[in-house]
Amino acid sequence: MTTKKPRRRRPATDRRPRRRDASSAPATAPSTPAAASLSDRLQKVMAAAGLGSRRALEKHIAEGQVSIDGRQASIGQNVTEGCVIAFEDRNWRVIKKSSGHRTLIYNKPEGEVTSRSDPEGRATVFDRLPPVRDARWVAIGRLDINTTGLLLLTTDGELANTMMHPSSTVDREYACRIRGQAGAEQLERLRAGVELEDGPASFSDIQEAGGSGENHWYHVTIMEGRNREVRRLWESQGLAVSRLKRVRYGAAFLPRRLRMGQWSEITPREHEILREDVGLPAKGESLSLEEVRQPSGRGAGKRKPFRKPQGKRARPAARRPGKRGDR
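The numbers in our numbering rise by one with no breaks, and the one at position 64 of the sequence shown is 1095.
Calculated directly from the structure, the hints in this document are not laboratory data.
Each hint can be trusted.
Label pairs and their calculated CB-CB ranges:
#, residue 1, residue 2, range
1, 1299, 1160, 16 to 22 Å
2, 1153, 1324, 50 to 56 Å
3, 1127, 1192, 14 to 20 Å
4, 1121, 1159, 36 to 42 Å
Remember, it's a predicted structure, so these values are computed and weren't measured experimentally.
Glycine included, C-beta positions come from ideal geometry on N, C-alpha and C.
Put together the whole structure using the sequences plus the hints.
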């Protein structure tokens, strides 16, 4: 695939076909959870339906107050479409509905870690994100603490898992500032592949992007996301990376006007493009609940037939005009 430095104006997502090595591409489209029966954890589905917080619902489940299809439920048990959940003398049927997921493009600054909490107390990428109801943000891939640039975060777990899976061969593009200038033989070895401590690795594409003096810029593309893979590839040729920034992940580009530490939410259509780009259906589905109303007693729910009253209703007597002085 041939990549170029992003232009000044570039949409958040791009549908242009990306050339991939036929030998590395899967013979068939990557398998997706959508092809199988959709399932999810019981407490997650109940919380999303507004029956309580996950922690409170887990307590109710542990106390035996929740059943699935007439059997006592357990924490972490999965439910599928058609299951009937009983809780607090009410019943709900599990149904499928179109998911209204959200996805953000975050311009990660240096010094933040891609984790929900850090034992050393360092700032995390989740500290700046907007709150989300009945869901949570999932980072698609990771950036190490010294790497900046594009980080995708979504509430669509199916999309996140598929984009990160090696079989999807989603390419990532980085802008690298190198101390020194790489020679033609070094670049050729990086394209052909070198042996790292965790296996062979290579850049699927390398483009020079200018520079002068001791520092030179390159745009490189990789098809997987191993730990510090870009830095280690350059180090294998005796070259050190002084600055590393991710500018693209799959069809998503880092907006030029998005400052470090800021996020931008993509449109629903752009979210569909990300799903289609990895072989998922454009519209995702999730599980929800609808209440099953039971008759309260004998004959309940049956509407009584209209009965015409027997006989004629007496009309009120017409009032006679009063005489003078009548009140």
